[in-house]
Amino acid sequence: MTAAATGPETRRDHYDAVIVGAGWSGSLIAGRLGGQGWRVLLLEAGEGGTESWSGHLDSVSTYRSAVAKVPNSAYRHNTAAPSPDVLDLSPKKGGGYTADGYFVQDGPLPYRTDYLRALGGSGMHWLGAVPRMHADDFATGTTYGYGRDWPLTAKDLEPYYEEAERELGVAGDAAEQRKLGVVSDPDYVYPMHAIPRSHIDEHCRRIDGAEITDPMEDTRTLHVTGIPQARNSTPNPAYDRKKGYRPKGAVGLPNYGERCVGNASCVPICPAQAKSSPLRVQADLPENVTLLTRRVVTRVLRGQDTRVRGVEYRAYNDPASSVSEARSVRADIVVLAGHAIENARLLLFSELAKTSDQVGRNLMDHPTTLAWALAERSVGPYRGPGHTSGWEDFRFHGKRGERAPFRIEISNWGWSWATGAPMSNVTSALGLGGDAGGTVKPDGLLGPDLRRKLGDDIGRQLQLQIAVEQSANPKNRVTIDPSRHRDALGNPRPILTYDLDPHTRDGVYAAYRVSEKIFAALEATPYTDHKPVHGVPQLGHFRHRETDLTYQGAGHGAGTHIMGEHANDSVVDSYQRTHDHPNLYAVGCGSMPSIGTSNPTLTMSALALRSAEQIHRDLAALNQPVVVRSAAGEKEKA
Amino acid sequence: MIFAEKVHDAGFEIPKTLEKLREYLQAALEVEHLTIPVYMTGMYTIRPGTNRTAYYAIRSVLLEEMLHMTLAANLLNAVGGKPQVEHPNFVKEYPVKLPLSSEKLPMIGLRHFSEEALRTFLTIETPRSISTGVREGSGWTSIGQFYEAIRQGLVNLVKEKGEHEVFKGTPDLQVGPEDFYNSGGEVFAVKDLESAQTAIRVISEQGEGVHDSIWDSDDQIFGEERQLAHYFRFNEIYTGRCYSPYDSPKRPPSGPLVDVSWNDAYPINGDSKVADYKEHQATSAVYDKAVEFNTVYATLLSCLHQAFNGQSRTMGLAVPTMLELRDRAEQLYRNPHPDPELAEKGCFASATFEITAKDLEQARERVDRLVDAAHLENDEPIDLSGITAESREQFA
Numbered sequence: 000m001t002a003a004a005t006g007p008e009t010r011r012d013h014y015d016a017v018i019v020g021a022g023w024s025g026s027l028i029a030g031r032l033g034g035q036g037w038r039v040l041l042l043e044a045g046e047g048g049t050e051s052w053s054g055h056l057d058s059v060s061t062y063r064s065a066v067a068k069v070p071n072s073a074y075r076h077n078t079a080a081p082s083p084d085v086l087d088l089s090p091k092k093g094g095g096y097t098a099d100g101y102f103v104q105d106g107p108l109p110y111r112t113d114y115l116r117a118l119g120g121s122g123m124h125w126l127g128a129v130p131r132m133h134a135d136d137f138a139t140g141t142t143y144g145y146g147r148d149w150p151l152t153a154k155d156l157e158p159y160y161e162e163a164e165r166e167l168g169v170a171g172d173a174a175e176q177r178k179l180g181v182v183s184d185p186d187y188v189y190p191m192h193a194i195p196r197s198h199i200d201e202h203c204r205r206i207d208g209a210e211i212t213d214p215m216e217d218t219r220t221l222h223v224t225g226i227p228q229a230r231n232s233t234p235n236p237a238y239d240r241k242k243g244y245r246p247k248g249a250v251g252l253p254n255y256g257e258r259c260v261g262n263a264s265c266v267p268i269c270p271a272q273a274k275s276s277p278l279r280v281q282a283d284l285p286e287n288v289t290l291l292t293r294r295v296v297t298r299v300l301r302g303q304d305t306r307v308r309g310v311e312y313r314a315y316n317d318p319a320s321s322v323s324e325a326r327s328v329r330a331d332i333v334v335l336a337g338h339a340i341e342n343a344r345l346l347l348f349s350e351l352a353k354t355s356d357q358v359g360r361n362l363m364d365h366p367t368t369l370a371w372a373l374a375e376r377s378v379g380p381y382r383g384p385g386h387t388s389g390w391e392d393f394r395f396h397g398k399r400g401e402r403a404p405f406r407i408e409i410s411n412w413g414w415s416w417a418t419g420a421p422m423s424n425v426t427s428a429l430g431l432g433g434d435a436g437g438t439v440k441p442d443g444l445l446g447p448d449l450r451r452k453l454g455d456d457i458g459r460q461l462q463l464q465i466a467v468e469q470s471a472n473p474k475n476r477v478t479i480d481p482s483r484h485r486d487a488l489g490n491p492r493p494i495l496t497y498d499l500d501p502h503t504r505d506g507v508y509a510a511y512r513v514s515e516k517i518f519a520a521l522e523a524t525p526y527t528d529h530k531p532v533h534g535v536p537q538l539g540h541f542r543h544r545e546t547d548l549t550y551q552g553a554g555h556g557a558g559t560h561i562m563g564e565h566a567n568d569s570v571v572d573s574y575q576r577t578h579d580h581p582n583l584y585a586v587g588c589g590s591m592p593s594i595g596t597s598n599p600t601l602t603m604s605a606l607a608l609r610s611a612e613q614i615h616r617d618l619a620a621l622n623q624p625v626v627v628r629s630a631a632g633e634k635e636k637a
Numbered sequence: 000m001i002f003a004e005k006v007h008d009a010g011f012e013i014p015k016t017l018e019k020l021r022e023y024l025q026a027a028l029e030v031e032h033l034t035i036p037v038y039m040t041g042m043y044t045i046r047p048g049t050n051r052t053a054y055y056a057i058r059s060v061l062l063e064e065m066l067h068m069t070l071a072a073n074l075l076n077a078v079g080g081k082p083q084v085e086h087p088n089f090v091k092e093y094p095v096k097l098p099l100s101s102e103k104l105p106m107i108g109l110r111h112f113s114e115e116a117l118r119t120f121l122t123i124e125t126p127r128s129i130s131t132g133v134r135e136g137s138g139w140t141s142i143g144q145f146y147e148a149i150r151q152g153l154v155n156l157v158k159e160k161g162e163h164e165v166f167k168g169t170p171d172l173q174v175g176p177e178d179f180y181n182s183g184g185e186v187f188a189v190k191d192l193e194s195a196q197t198a199i200r201v202i203s204e205q206g207e208g209v210h211d212s213i214w215d216s217d218d219q220i221f222g223e224e225r226q227l228a229h230y231f232r233f234n235e236i237y238t239g240r241c242y243s244p245y246d247s248p249k250r251p252p253s254g255p256l257v258d259v260s261w262n263d264a265y266p267i268n269g270d271s272k273v274a275d276y277k278e279h280q281a282t283s284a285v286y287d288k289a290v291e292f293n294t295v296y297a298t299l300l301s302c303l304h305q306a307f308n309g310q311s312r313t314m315g316l317a318v319p320t321m322l323e324l325r326d327r328a329e330q331l332y333r334n335p336h337p338d339p340e341l342a343e344k345g346c347f348a349s350a351t352f353e354i355t356a357k358d359l360e361q362a363r364e365r366v367d368r369l370v371d372a373a374h375l376e377n378d379e380p381i382d383l384s385g386i387t388a389e390s391r392e393q394f395a
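Protein chains in written order, with numbering that gives the first Met the number 0: chain V, 0 to 637; chain H, 0 to 395.
None of these hints come from the bench; they were simulated from the model. Quick caveat: nothing in here was measured; it's all calculated off a predicted structure. Hints should not be assumed to be uniformly reliable.
Stated by the list, open to error - Have a look at the derived ranges for each label pair, beta carbon to beta carbon:
#1 Glu115(H) x Ser53(V): 20 to 28 Å
#2 Gly161(H) x Pro236(V): 28 to 36 Å
#3 Ser113(H) x Ser53(V): 19 to 27 Å
#4 Gly36(V) x Gly10(H): 55 to 63 Å
#5 Gly345(H) x Val322(V): 47 to 55 Å
#6 Gly140(V) x Asp171(H): 54 to 62 Å
#7 Ser113(H) x Val535(V): 53 to 61 Å
#8 Arg325(H) x Tyr526(V): 34 to 42 Å
#9 Arg325(H) x Ser53(V): 14 to 22 Å
#10 Ala174(V) x Lys357(H): 40 to 48 Å
#11 Pro285(V) x Arg250(H): 30 to 38 Å
#12 Asp455(V) x Asp371(H): 28 to 36 Å
Claimed, not checked - Stretch-level coverage of chain V by chain H, calculated; a stretch enters the list once three of its residues show a Cβ under 8 Å from a Cβ in chain H:
#13 19 to 32
#14 52 to 59
#15 185 to 196
#16 247 to 253
Note that CB positions come from ideal geometry on N, CA and C, so glycine has one too.
Could you build all of it, start to finish, from the sequences and the hints given here?
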């Protein structure tokens with residue numbers, strides 16, 4: 000038999016650690032273990048190419064020519080390692096939805112989120128917002144009687160947060176975050192000064208100090224607060240006891256990678272590479288780490304006793320076809336670092352970590368409800384990162400037990416998420432699309448009138464993106480059915496069953512009511528509309544407390560291999576090591592018992608760095624010399 | 000130019016006094032700047048989206064020339080000089096004779112992306128390792144030789160007077176990495192002989208290569224990936240072929256082909272002046288746009304002047320100014336030349352880089368106003384939103 004292709008992994012098929020997935024978690028752990036001298040194999044299912052400058056430019060062009068600028072629009076379709084796409088969902092007349100992409104969905108509500116299977120993972124299309132979680136977020140079960148507690152506290156994670164902020168390259172205002180209560184070290188500063196705030200932030204700051212009462216009679220005082228971001232700005236010379244910070248540059252082009260200049264396309268791609276990505280970590284991987292793309296892991300292989308012995312995967316050459324070759328590799332430690340849903344899919348198909356029956360369960364996201372309005376004057380949208388500030392006031396404490404807390408992002412990108420602006424403004428100003436009867440509208444504008452109309456309308460767009468906490472609920476889950484639902488390579492596709500429970504729905508409802516009050520305080524004209532259009536409910540529509548509401552996905556999949564102290568009700572321990580298998584780790588947002596209202600990448604990275612330390616200890620223990628009492632020794636004693 | 004020609008005319012010598020050394024460093028600043036309009040023209044005349052390899056090669060050299068300018072200013076400040084950028088003689092009218100180099104070199108003009116332009120670029124960047132070394136009247140053969148003279152002058156002066164007496168500039172005037180990074184390397188403060196020699200090494204080796212090779216020393220100095228030195232980066236475009244890792248400076252590149260498409264450029268008449276455009280003001284908006292471009296370029300010079308003279312944070316203001324230049328260039332170069340005869344020949348409009356004393360005066364006022372509006376202060380975070388706050392109503 001002739002092997003179709005050979006790779007470095009077939010020449011040396013045993014590694015100290017094999018890591019599945021080259022996103023943030025996988026890359027950070029590979030970097031740490033590699034730095035300690037371990038031989039590491041990092042397998043990525045998707046395509047590479049973006050690590051070169053021409054590949055990066057190609058992604059920029061792909062994004063620019065895409066009709067719908069969705070998070071995966073900068074990256075090509077991959078048959079061998081398909082990614083979910085937010086465009087896979089359609090609303091159905093009379094209610095419900097259809098899903099015809101990579102995900103099979105059978106829940107009451109659609110799971111409206113995607114991720115990216117490519118080198119760097121979703122760390123390629125992410126926004127780069129990196130708030131820490133609050134101490135309040137780690138024990139909602141005990142404190143508020145909903146959701147699940149972490150086996151860790153904010154204090155335990157603080158040093159790893161700091162490390163993650165260095166690795167990701169964070170720009171932020173530490174004093175502001177201290178005031179918010181998420182940074183406790185009085186001397187801490189971020190590696191770089193905060194990204195400048197937008198004019199919209201300043202516009203919103205006019206109502207600082209206003210008191211807003213939500214439907215649960217929870218009253219909060221508004222403060223516009225900046226968001227820390229993994230984006231290059233001005234390095235802070237005071238960082239790291241005045242050692243300063245050297246910003247990491249672009250990948251693929253030497254001496255490049257400037258500070259954020261407000262290109263406003265962070266999701267999906269920063270053309271100047273001011274936005275941080277896992278490719279930066281990968282560029283510094285030592286030689287004892289082998290990184291291979293186009294390797295789709297199919298199963299984790301069980302070994303003796305409860306241990307695992309490696310992984311089985313399929314290698315492909317052409318992402319447009321399903322032609323692939325099965326291979327396997329052995330390793331002392333296996334780390335699953337795919338997305339939460341991919342990790343669950345792999346564990347389920349491998350039939351591992353089954354004791355708790357929690358694998359695939361507790362699927363979470365941040366259901367995000369949008370609110371939009373026109374300010375009475377121009378506020379300067381469509382410049383800068385997706386958001387630079389938010390109202391953090393409804394995130395912690397108070398009546399959190401009665402309604403899910405929420406974080407209000409102040410959008411810098413106008414109504415783009417809510418209505419597809421600014422293109423939708425152009426379409427309607429031109430009178431395209433016709434009326435209900437199909438007749439071309441007579442009142443379309445052209446020339447200077449069109450420009451003035453667009454400038455006026457678009458320039459006044461305000462949008463709030465309100466991310467609501469969703470707590471762990473075992474009914475929200477990922478399952479597989481290999482006999483019925485497989486992808487082109489024969490791997491089981493994820494089947495999602497998703498819903499919002501009453502606590503979360505109350506959060507969405509409260510968020511909607513609060514947004515109305517904020518717009519009133521800003522003297523802006525609200526345009527928020529969650530009602531069905533021509534009898535067709537919008538995607539993510541539900542009625543709650545006699546109100547039409549909708550939610551979007553935030554791309555924050557979590558909970559599917561939940562962390563806990565006990566093997567009977569959780570999948571991994573606080574080091575993200577499976578309770579059932581001492582040398583199998585499942586890392587990433589899937590481990591999180593709760594995600595509060597923080598964008599999860601920073602917390603995920605902190606957890607990954609903490610896991611890397613434990614994996615190092617495990618590997619060191621495995622390689623200790625065995626002490627054998629010799630016969631000679633016995634004699635001497637006697 | 001203020002000093003460059005004077006230094007050139009005086010001929011090759013190692014500066015023996017501090018005064019002379021400062022003149023040399025100011026001349027260095029001027030020579031570094033002289034290349035910028037030349038390379039900008041080459042880059043801006045590439046039709047958007049085409050010739051990507053060439054575009055990014057020219058852009059990378061342009062960034063490094065800006066780095067060299069800043070390092071030259073740091074050197075000058077370190078030895079107690081005062082960098083002059085905002086000066087009506089700082090920018091000379093193109094085409095211009097390249098000072099501190101061989102007398103026999105052709106004039107340096109503004110040329111569109113073409114083989115001719117690349118020949119000019121190669122002329123500017125000719126390294127010592129391949130220059131003919133013919134003895135001439137002035138004794139100059141390359142810019143590298145000029146920097147070597149500065150370095151020797153510095154070493155001698157330190158020996159003679161001691162480090163303290165030579166490096167007596169105010170440390171606050173130095174531009175540091177927080178204001179300039181990931182753009183062709185990073186800027187560092189010059190405070191003693193060691194850092195001064197490193198700065199000189201960066202400038203010469205990025206330009207002409209290290210130790211008689213085609214490579215620069217970014218890997219050794221900054222711990223970054225090494226790159227081809229400027230001459231060789233340009234030679235790849237000119238010859239349409241990449242260098243292989245083992246190629247030597249004197250031989251043509253032997254690696255794979257580079258995709259260069261000379262037709263994907265806007266041909267220009269590089270010697271055009273705004274006065275020529277003015278004659279056609281009635282039929283073409285090019286005149287106004289060319290004047291505005293020069294105004295913005297003057298603003299850039301004014302930003303740099305202030306950044307080099309104690310307000311290093313003004314470097315932050317140079318960033319949006321350069322973005323504006325890029326956008327204005329894209330709008331300007333795509334127009335036919337306003338002169339119908341030239342347009343008939345396929346000529347497009349181009350920026351003239353003519354900067355008058357009046358332009359600089361207005362630029363100065365504008366920059367002062369913007370610095371005030373943005374509350375730019377050294378060591379404080381950079382936030383330019385104050386600049387556009389007033390114009391918020393005009394967003395529409």
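Structure-based check of each hint:
Checking the proposed 20 to 28 Å range against glutamate 115(H) and serine 53(V) shows it holds: the Cβ atoms sit about 27 Å from each other. Roughly 29 Å separates the CB atoms of glycine 161(H) and proline 236(V), a value that falls within the hinted 28 to 36 Å. Checked against the hint of 19 to 27 Å, the pair serine 113(H) and serine 53(V) passes, with Cβ atoms roughly 23 Å apart. For the hinted restraint 55 to 63 Å between glycine 36(V) and glycine 10(H), the CB-CB distance of approximately 58 Å keeps it satisfied.
A hinted range of 47 to 55 Å holds for the C-beta pair glycine 345(H) and valine 322(V), which are about 50 Å apart. The hinted window of 54 to 62 Å between glycine 140(V) and aspartate 171(H) holds, with their beta carbons roughly 55 Å apart. Remark: the range hint 53 to 61 Å for serine 113(H) to valine 535(V) is upheld by a beta-carbon distance near 58 Å. At about 35 Å, the beta-carbon gap between arginine 325(H) and tyrosine 526(V) stays in the expected band of 34 to 42 Å.
The hint said 14 to 22 Å for the Cβ distance between arginine 325(H) and serine 53(V), and at roughly 21 Å that hint holds. Under the hint 40 to 48 Å, the C-beta atoms of alanine 174(V) and lysine 357(H), about 45 Å apart, fit the expected range. A hinted range of 30 to 38 Å holds for the C-beta pair proline 285(V) and arginine 250(H), which are about 34 Å apart. As the Cβ distance of aspartate 455(V) to aspartate 371(H) is approximately 30 Å, the hint placing it in 28 to 36 Å holds.
Interface restraint, the stretch 19 to 32 of chain V with chain H: violated (0 residues with C-beta to C-beta distance below 8 Å; minimum three). Counting residues of the stretch 52 to 59 of chain V whose CB lies closer than 8 Å to any CB of chain H gives 3, which reaches the minimum of 3, so the coverage claim holds. For a cut-off of 8 Å, the count of residues in the stretch 185 to 196 of chain V with a CB near a CB of chain H stands at 4, and the three-residue condition holds. As drawn, the stretch 247 to 253 of chain V meets chain H at 4 residues by the rule of a beta-carbon pair under 8 Å; at three or more, the given contact holds.
Checked against the numbered hints given earlier, this structure breaks only hint 13.
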